Every structure is written in C-alpha cells, then in structure tokens.
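Please arrange chains B, C and D with the ligands on chain A, whose structure you already have, making use of the hints.
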Amino acid sequence: MPAATGDVALHRQLGMTDDEFSAVQGELGRDPTELELAMYSVMWSEHCSYKSSKPYLGRLPTTAPWVLVGPGEGAGVIAIDDDLALALRIESHNHPSAVEPYQGAATGVGGIIRDIFSMGARPIALLDPLRFGPPTDARSRYLLEGVVSGISGYGNAVGVPTVGGEAVFDECYRGNPLVNVMCVGLLRRDDLVLAIATGVDNLAVLLGGATGRDGIGGASVLASAGFAEGAQGKRPSVQVGDPYEEKRLIEACLELYDRKLVVGVQDLGAAGLSCAASETAAKGGMGVDVDIARVARREPGMNPVELMTSESQERMLAIVTPDQLDDVLEVARRWEVQATVAGRVTDTGRFRVFDGVFDAIGVPGANPQPPPGDTAPTVTSDALPVADVPAASLGDGPVYHRPVSRPSDLDALQDDDPTPVLRAKFPNGTELGGELLALLATPTIADKSWIYRQYDHQLFLNTVVGPGGDATVLRLRTPRRAGGQPAADADVARPAIAISTDGKARFCKLDPRVGARLGVMEAARNVACTGAVPRALVNCLNFGNPEHPEVMWQFAEVIEGMREACVALGLPVVGGNVSFYNESRGADIDPTPVMGVVGVIPRLDEAPPSVALHDGDAIVLLGATRAELGGSEWAAVLHGLRGGHPPQADLEAAAALHELVAGLVRERAVTAVHDCSDGGLGVALARMALAGDVGAMVTLPLDDGLTPAETLFSESANRVLLGVAADQRAAVLAQASAAGVPAIVLGSAGGRELRIGSDCTVALDAAATAWRRVFE
Amino acid sequence: MGAMKRFAARVDITHLPGVADPQGATVERALPALGWANVSELKIGKSIHLVVECADVAAAEAQVRAMCERILANPVIEAYDITVHELAAR
Amino acid sequence: MGAMKRFAARVDITHLPGVADPQGATVERALPALGWANVSELKIGKSIHLVVECADVAAAEAQVRAMCERILANPVIEAYDITVHELAAR
Amino acid sequence: MSVRVGVVQFPGTNCELDALDAFDRLGAAAELLWHGDATIRGVDAVIVPGGFAHGDYLRTGAIAQFSPVMGAVRDHAAAGGAVIGICNGFQVLCEGGLLPGVLQKNAGLKFLCDTVEVAVVSAASALTNATEVGQILRIPINHFEGNYTCDAATLAELRADDRVVLRYVANPNGSVDDIAGICNAGRNVVGLMPHPERASEAILGSTDGVVLLRSVLAAATTPAIPG
Ligand SMILES: Nc1ncnc2c1ncn2[C@@H]1O[C@H](COP(=O)(O)OP(=O)(O)O)[C@@H](O)[C@H]1O
Ligand SMILES: [Mg+2]
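Protein chains in written order, with our numbering: chain A, 31 to 806; chain B, 292 to 381; chain C, 292 to 381; chain D, 331 to 557.
Isolated chain A (complex conformation) (with noise of 0.2 Å):
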C-alpha cells in the first residue's frame, strides 16, 4: 500500500495547500505515504493546528502562583488548595450539531468530558453556552430541541451534571447555531497525570470503544470547511455518541490514576489515533511504534488511513510501563473496557505505524477479535512501517499570518447610534410597562428552566446553586477513593467555588475589544456574585472564516480586549478553543467569544443569598448607568436598531466592585444579589422579583438627564442589584463608599407588582407570564 504519491490532487483534496505539501516533503526528505499525507492533513487543519490564531494566543496571561497546568494539555488544572484542584476546559462542537443536533452535541460532551479525565481529575460539572437563530424558525428550533436533548442524552446518562450554560438567540447563527460545552474536574494534586510518553518499551494502551469508519476527516471535513445549508455529502460523517462506554471509561481510567498504573493518557479526539500517539511522544521527547493491527474495529475491511485517522468517540490512549501491564488489562477487564496494547514507546523520534508486527516482534498483548467478515492480520516481524514520520512534526504544523482588516462599514455602524431614536420614540412619561414585559419575554431573557430542567444538575451532592442564578455554585469535598472507600481527610472542609458562562456577541460586533472585555466582566461579576473570587478563565473563541481579513481583525481585537480585561482581573486564561469557518452562506456570525470564569469561595457552611427578593428588605443598586443602549436587548431585538457604541469596558471599576460584591456576600450583609445586564435594570429587578415571589417599589436614578427608558434598560456594565435588609443597609453603603463603588437605594420589596418609577408599573403576574413563555 505505501506507495509514494507525488498525486498534486491528491492533497489539495484533502485541503493541503501546496506549500503545505512541500513543507511535508521537505520534513520527510521523500514524498509521503498515502496515510502519512492523511495524517499531515488532519492534523495541520485548523481545527487541529490552531494555524491561524497560534500567532494571538500567544498574548493570554496564562500564569498565576495557582495555575499548575495551563494552555496545550487537555485541560487547564488550578490549585484550589494544598491537596485539591480543579481541571477546566472548554470545546465548541458547531459544526457537527449543526448537520444533526443531537448527536454532535451529545458527541461534544463526550469530548470534553475526556478532556478533563484524562488530566487525572473526576469531571463534576458540565455547562452549556448555546447560540441558535430565532427559535420562532423552525430549523433554528429543531437544532435546539435536539442539542438540549443531546446534551441531556448525554450528559445525564454517562454520569456528569449540566449545572449551567446560556441561551442566546440571534439572527446571526440561524445557519451557524453554536454548541460550546465547559468541563469541570476535581482532582487530588497528586493523582494529577499529563499526556505525555516517557520510558523506553513503554506501552501505549487503547482502552474504550471499537475504532469505526465514523468520523473520519470529520477534524479537515467538518471543522475545517465552511458549510452550505442542508449539504448532503457530509452526512456520513455523523458520529454517535455512547455515554455508557464513556462512563465505564471514565470509572476505569480514575481507578487507574488511583492505583497509580499510568504514565502519561491522552484522550482520542480530532485526528484520533495519529494524534493521541505523536502528541504525547512529542511531549515526552520520545517516539512511538503502532501497530493498527492491534486496533479493535468496529467494521470490516477498515484500511490503515481510516484506523489511524478515525475520530470514533469514547477511546483514550495510556502510556504504562510493562510490569503494569497486566494489572491495567484486570481494571479495564472488570469495568468492560476493551484495552489492546496498540503502540509502544521508542527512543528514535519518530512516529512509526506497522501492520501486524506486534505478535511477530514480541511486544505484549494480543490482537482484538477481528470483526465478522475479517479475517486476522497477517504476522510478519519484517514488516515494513506504513507510516513514519518525526513525532514532533505532525503536532508542529504551519503558522499563518493571515491579513487583517478593520471592517469598513463599522464606522458607519458605529455612528449608527440608537439613543436619539429611542429618545424620540420613548421621551419622559412613556409608559414603559409593555416595553419591560415585552423584554422580558424574549426569546434570550425569558426563562431557560425548561432546558435545565432536562440536565442532571444535582448529581454528586455538590450543586449549593444550581442553574436560574447568576453563576452556579459547587462545594468540593474529597473524592473518594476507587472501591467508594472515603478519603482519611474526608471530614476537612473544603472550598467551595463558583462558575459561569458568558458571551457578548453583539458588543463583540460593535466593537470586539470593548466586547470581549465585556465578556470578561459579566462572568467575573456573576462569579463574584456568590462571594468568590474569580481565579481563572477558559474561553471558546467562534468566530467566522479567518481568510476574510475583518474575521481576523475581530479576532486580533478580541484576544487583546480578553487579555487587557485577565490581566486587569487577575485571571489567568488556563485553557481555551478556537472555531473558525462558523458562517453560513457566505456571512460570518458575529464574533462570538465565551468566557468561562470560575472562582473560589475560600469556606460555605450554608448556601449563599440567591437572586430572591425578600418582602420588606431595600433595593440597592452599585455601579453607575448611563444613556447606554448600542447592542442592547431593548435597543437590537425590541427595536430593530443594532448600532452604536457597546457600554464602557471600565476594569478597574470591575476590579473594586467584584471584591466589594464577593465580601457583602461571603458576610452575609445582604439577602439577595444580581447582577445586571441583559435588558439592564428593569430585567434585573423583574427576576429578582419573581425569584422572590414578591412585588417591588423603586424610583429610578434619572442622573445626568437620562430618561426613564434609558435608565430601566441601558446595559451599563459594572452594575449589581442588592436585597438588603433594614439593619445591614447603613453598613453596605458605607462599605461601598470606601470602595469607591457608586450605590444608592431604589426602593423596596413588597406587594404584587413591580411599580418602577412613575411611568413603569406592571403586576408581578404579568411579568411571571410574559418571562416564563415557552419555546418548546
């Protein structure tokens, strides 16, 4: 089979440009094998190579005294205390959701669910920030029935709970819906393990599902290209995921870490077997041998191309040594994990694929039952290696320095300014009341309980605030041993930390800097809303085709406004993923980056205040808000204007209000906090409303001659909303004045209506109504 192809179409097929090609020639010194090419093109698609936004990512914060593992492995992992830490990461699946729903969704937990284990760490927590067009179209609904159904098929069966995300419903993605999943793992710090193979004669060890002809390409196929609508072609390439292989490997692979039987694991994803083998042998500074024929199939007649480059789901590769070998096969054996040993470790370099040599040369382990319809490989120790290749070059891919340009219509769209419309439209006296419950019944405000409510999100006992709050909060407790036994330290206390998802497309249009700081701010506000302090972030960066060159503007401003706002924060940026070609008939979505923030609540004995109103107890506003309305729900959804000016990015007013925020919390010097955004004020203060099942009186703070209407839904960033009872109130403003944070009393809570101002009244019922309508 290996016979050389000079074949120019050949690569251009599987979208190798030719400089790419020469650079494989050049890095080999001859033409490549057909598998060798297949193996390059994967793994330097942009999906896997990241070689287009390698040259940004660079400028991330990424340290910090409790970063233990940042970006390039599998999952960022922080310290939360002497023995336990956190491993966190996150992953789009677009694309494959967009060709069917539920599987690509379902497969996307899967990946990052493996991303996680395979640091060592119990994945704990799952959450998903969603985009899909509006869902009064009818294949904008069919994709989020099946996505939440996927996630819920999923997530729910292999054992992780889906404890938060978002929901956001735009135009822009109706033929590009977005599906990013975020992964949370605990782990003891010394059970902490990275991909890599070290150790001459090692074994590489394939433990989970049967490799299928599913998904192959799907890394150059898939993510790689932008799509037409409906384009039948790629329908093959579906993959179905399996949560209970996942779950038996998840329980073999922590059992493994715990009797401390591994090296080095890695998760098979994009590119599949060709990446889990080259990556950890670069990483270790070694090389690998494989032979395909100790690969369980799945299918007859399965050729080496398709073996070494499937993306079949549930399969992960460990590194351990040979005295170990038989006491991982009893783990893998008793959770009914299929586990062959499949490559072994060298000291050449170079990434080598053999044919049925194992049984020949003597390397432990036997061939998997070939499936019906095959026949067994034939054992020669002669055999000659279809594939090798420098280990370290299939992960070393090209790096492009793609044009730049500012869009040339976002003056215009800038200067497009909705205030003075708006003005017009809505002077002082308006009654505003239609304006708020029309807001809150949009598709992006309106309650998401009937999506959480499909997801596990109590499972392991850890869930203190679940979904329908700012951020959610889980306590950490020690893990178990393997067998159930309780840890010895089992009773310490431990931290509890706190999560959230956040996404501002819209501003990101208007202005990507300002937008992704934006980003940035609303998750640390709603982490700090719970009394943490935010620690660490992870990103899902989606943009549209990086070869138009405004698509790359974006993103060049976008890295820049993420690292002026971690910087500012603190946060390092532990982890992140990037995904291109997110357009559909030829326009790019808006640029989409979501910030998964986490932070860390130092001690929580009891759940701390939620978004509820108490009847009796002052509303308190911190921050300032001005006439902002560019990119606003009012202003955008309500009333068709989307220019402007997204509100100000102000860090260090950020900074002081999070640990203002965190410490009124963690004292217990309010019974009820919010932070406010989408829709502003007057959405902020209708959930907490609701949550509280009580009415409320406020006056609004018509500074600097804004207008009612400007003041209720402007989205000032910077701002909480407090509940305060009678004996903390001079207490909380005074603590806010030498923070330096603006705070005034609105009103109180009471009574069955929202009576906001004089031109704003509207019955609790009302608001209950238009809030909770349902998209199903």
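Quick caveat, the hints were computed from the structure, so don't treat them as lab data.
If you're wondering where the values come from, they're calculated on a predicted model, not measured in any experiment.
A few of these clues could be false.
What the hints assert, rightly or not - Lysine-lysine pairs mimicking DSS-like chemistry, simulated, CA-CA at most 30 Å apart:
(1) B:LYS337 <-> C:LYS296
(2) A:LYS290 <-> D:LYS435
(3) B:LYS337 <-> B:LYS296
(4) B:LYS334 <-> D:LYS435
(5) B:LYS296 <-> C:LYS337
(6) D:LYS440 <-> B:LYS296
(7) C:LYS334 <-> B:LYS337
(8) C:LYS337 <-> B:LYS337
(9) C:LYS296 <-> C:LYS337
(10) D:LYS435 <-> C:LYS337
(11) D:LYS435 <-> A:LYS478
(12) C:LYS334 <-> B:LYS334
(13) D:LYS435 <-> B:LYS337
(14) B:LYS334 <-> D:LYS440
(15) A:LYS290 <-> A:LYS313
(16) D:LYS440 <-> C:LYS337
(17) C:LYS334 <-> B:LYS296
(18) D:LYS435 <-> C:LYS334
(19) C:LYS296 <-> B:LYS334
(20) C:LYS334 <-> D:LYS440
(21) C:LYS337 <-> B:LYS334
To be verified - Here are the computed distance ranges between Cβ atoms for each label pair:
(22) A:GLY392 <-> C:ALA370: 30 to 40 Å
(23) A:ASN333 <-> D:PRO398: 32 to 42 Å
(24) A:PRO85 <-> C:ALA316: 52 to 62 Å
(25) A:ALA755 <-> D:ASN501: 55 to 65 Å
(26) A:GLU461 <-> B:GLU360: 44 to 54 Å
(27) B:GLY326 <-> D:ILE466: 43 to 53 Å
(28) C:PRO366 <-> A:ASP111: 49 to 59 Å
(29) B:ARG361 <-> A:GLU682: 48 to 58 Å
Stated by the list, open to error - On the chain D side, residues computed to face chain B include the following (Cβ under 10 Å):
(30) LEU356
(31) HIS384
(32) GLY385
(33) TYR387
(34) ILE393
(35) PHE396
(36) SER397
(37) PRO398
We put the CB at the ideal spot given by N, CA and C, even for glycine.
Below, chains B, C and D with the ligands alone, put in the same frame as chain A:
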C-alpha cells in the same frame, strides 16, 4: 372522499451502514452470560406501525416515504424500510 | 459445529393493546401540521435485527423466542413478533 | 455497631457515591456492592441506586436484572431484608420482578430534573416507617422513565393492600394514580422515583429525604414482619 381506502404501514428504521449502534452492541455483549453466545450483528432500531387513508397503495407508500424523510426517521443516520398493505373495509 | 447455519432474525416489538404510547401519540399529533391529517393508530416500537447460528430454522426461532421472553421484550407492556430466515453461507 | 448498608454498583450506575455519603452522614456504614459479585456480603439493607445501569439500553433495568449480585439481593428480599430501589434502582427492581409494573417514558417525553412534593401514603414500609401518613416531602426527581404503569388488576391490588407508599402532589410524569413509590407484599422491598439522598442536607436545599433514609436504617435493624 368515498374512494379512500385504509392501509396499514410498518416502517422498520435501522442504522445507516457504518453508524454505530451502542445499544445493540451492549445487548449483544450481555447475551453470552445468559447462555446465548451464538448471536452476532445485533442492531436495535425502531418499528413504527400506522394506518393511513389514501386512494391507492402507491399513494400510501409515497406518503409514508415522505413522512419518513421528514419526521419518522432521521435520514442523516437512519435507513428505513416500508411495507404497506390494504386493510379490509370496516 | 459443522452443521450450524446462520439465520437472520427480526423482532418487531410493539406495545400491548391498552398500553399508552406517548411517543407515538406525540408524533401522530404533529402530523396534521405537516399536511398529513389522514394518519391514525400510529405506534412506535422497537425493531431488533440479529444473526444467530443454529442447527435449523426451528431452533433459531425457538431461541429468539426465548430471548424475547427473557430479555428482549417486557411482557408487562410489550408484544413481539419474530421472523427468521436462513442466510447464505459466507 | 453501625447499620451496614450496601449500595449496588452496576456499570453505568451514577448515584452510588451520593447514597454512600447520605447514609454515612446518618451514622451508617455504607459500602459498595459490585454487580459482578454474587453476594451482598452480609449487609443489613440493600440500596439499588440511581443512574443508567448498562446505559439503560434496550429498557431501563433490562440488563441489570441479570447481574450476579441480583441473586443475592433476591435472597435478601425473600428473607425479609430491606431492599430499596431509587430511580434507576426502582426500574431494575421492576424489571427483575421484585416489584410489579414498569416505568415508562415520562408523558411529556422529556427528561425531568426538578424538586417535587410527594405525600406519604403508607407509613408501613421499609422506606416510610419513620414518616406519618399525609406528610409532604420536598424531594428532587431526576428521570426520563418515571411514568409508573401496571395493569388494572395490579393497581387494584396495590391500592387494596396499601402498597402505594408515595404519591406525587402534582404528577410530573404521567404515573398511574400519581404513584411515586410502591412496595412489595412483604413491605420490605420498596421502589421510588424521587432521590431522598439529594434532599439530605440543608445546604442542598432540602432535608426532607432524611426521614426516608432513617426509615431504611430502622427497617434494616428490625426483624421483618411477614406481610
Ligand atoms: N443552555 C443552558 N444550560 C443550562 N443552564 C442554562 C442554559 N441557559 C441558561 N441557563 C441558566 O439559566 C440561568 C439564567 O441564565 P440567563 O438567562 O443567561 O440569565 P442571567 O441574566 O442571570 O445570566 C443561569 O443560571 C444559567 O446557568
Ligand atoms: Mg448573569
């Protein structure tokens, strides 16, 4: 509508070749422990039975096929097989 | 084992009469909006395909029946129907 | 001596650690029982916990009922020992014939994770002996197949013999007669869809499950009264 006849249709929905069937594979793996080690290629799909009123069998078949494409099956991952027969008048 | 032959079996698992089929009912309710108001009695069950090695067709059928009784179907809510045919030798 | 509670672990089970935690917190000695071992190692009570045993493939509980451990669980039940199936465990006990009926897909055809109210209907069971009839408990549910179904004769028998132990206050899933939990004729085998272990600490939002867990511990140490 006097000319309408009633047809019973059965749709057998299976996985497209190459698409994994974890459910079938799991059940197959459970059988040897129950004494049945001689079973292979076990696949689990859906069977849909319905009654449709149409002018003739060709129309009934065409409609069920259209229903499979649109709602009954997921053509991205599933194949379907339709059998239709006329029911005796009520 | 030279005398063993391979048989393909299909098991059609349906709801017992009187047992609610919410999934079937939901699909049936969705059809009129798609222009198919002439469908009734829609039921969604399972179809299981498998290959079994046995001495003869009677043995194959008997085994598949036993498998249905023990594991493939739940007699509290499900009925099953079996068809078996011999496969050509490989 | 603490009461020994065994929590069965099938591949795909996921609430086993939660059950261990909840019982340990009440002073019991909880341990895992591996599905592949044909013994329950002399524990006083057996919990078949929630999750997705064998992926819930084919039908919930369809494959799990054949695990070697289930023979020992059956023997324990036959001897009057307490056996409690929670959620997926309830489904396994129904499939395995330890309890009548079956749990079908929720009427709404969606997975449901929510906190619901259930009313105690019978205080005479291994799960409810510390409760009072009519007591309302707020406990989370977490299932796709919680819609209890049985034939009319079985339902009549369950009602006549006071074997419906818990009912939903507002039926979330279409269960016949609002059934959330039932017991066997001996009253020592009980299945319920709600998760008492998820309502066992104030910080998690409810402690209403504790009375049920305490009932199990009480039943485990009281010799069975034949039904
Ligand atoms: N797709 C989803 N999956 C899980 N939880 C979600 C999802 N979408 C929204 N939520 C939850 O709903 C709650 C409200 O979210 P959101 O509407 O964004 O409000 P907020 O303005 O408070 O951030 C949050 O707690 C969030 O975690
Ligand atoms: Mg928020």
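Hints and how they fare:
no., hint, result
1, B:LYS337 <-> C:LYS296, "holds (27 Å)"
2, A:LYS290 <-> D:LYS435, "violated (42 Å)"
3, B:LYS337 <-> B:LYS296, "holds (26 Å)"
4, B:LYS334 <-> D:LYS435, "holds (21 Å)"
5, B:LYS296 <-> C:LYS337, "holds (27 Å)"
6, D:LYS440 <-> B:LYS296, "violated (36 Å)"
7, C:LYS334 <-> B:LYS337, "holds (10 Å)"
8, C:LYS337 <-> B:LYS337, "holds (4 Å)"
9, C:LYS296 <-> C:LYS337, "holds (26 Å)"
10, D:LYS435 <-> C:LYS337, "holds (14 Å)"
11, D:LYS435 <-> A:LYS478, "holds (23 Å)"
12, C:LYS334 <-> B:LYS334, "holds (20 Å)"
13, D:LYS435 <-> B:LYS337, "holds (15 Å)"
14, B:LYS334 <-> D:LYS440, "holds (25 Å)"
15, A:LYS290 <-> A:LYS313, "holds (20 Å)"
16, D:LYS440 <-> C:LYS337, "holds (19 Å)"
17, C:LYS334 <-> B:LYS296, "holds (20 Å)"
18, D:LYS435 <-> C:LYS334, "holds (14 Å)"
19, C:LYS296 <-> B:LYS334, "holds (20 Å)"
20, C:LYS334 <-> D:LYS440, "holds (18 Å)"
21, C:LYS337 <-> B:LYS334, "holds (10 Å)"
22, A:GLY392 <-> C:ALA370: 30 to 40 Å, "violated (55 Å)"
23, A:ASN333 <-> D:PRO398: 32 to 42 Å, "holds (41 Å)"
24, A:PRO85 <-> C:ALA316: 52 to 62 Å, "holds (57 Å)"
25, A:ALA755 <-> D:ASN501: 55 to 65 Å, "violated (38 Å)"
26, A:GLU461 <-> B:GLU360: 44 to 54 Å, "holds (50 Å)"
27, B:GLY326 <-> D:ILE466: 43 to 53 Å, "holds (48 Å)"
28, C:PRO366 <-> A:ASP111: 49 to 59 Å, "holds (55 Å)"
29, B:ARG361 <-> A:GLU682: 48 to 58 Å, "holds (56 Å)"
30, LEU356, "violated (35 Å)"
31, HIS384, "holds (6 Å)"
32, GLY385, "holds (6 Å)"
33, TYR387, "holds (4 Å)"
34, ILE393, "holds (5 Å)"
35, PHE396, "holds (6 Å)"
36, SER397, "holds (9 Å)"
37, PRO398, "holds (9 Å)"
Comparing the model with each numbered hint stated earlier shows that hints 2, 6, 22, 25 and 30 do not hold.
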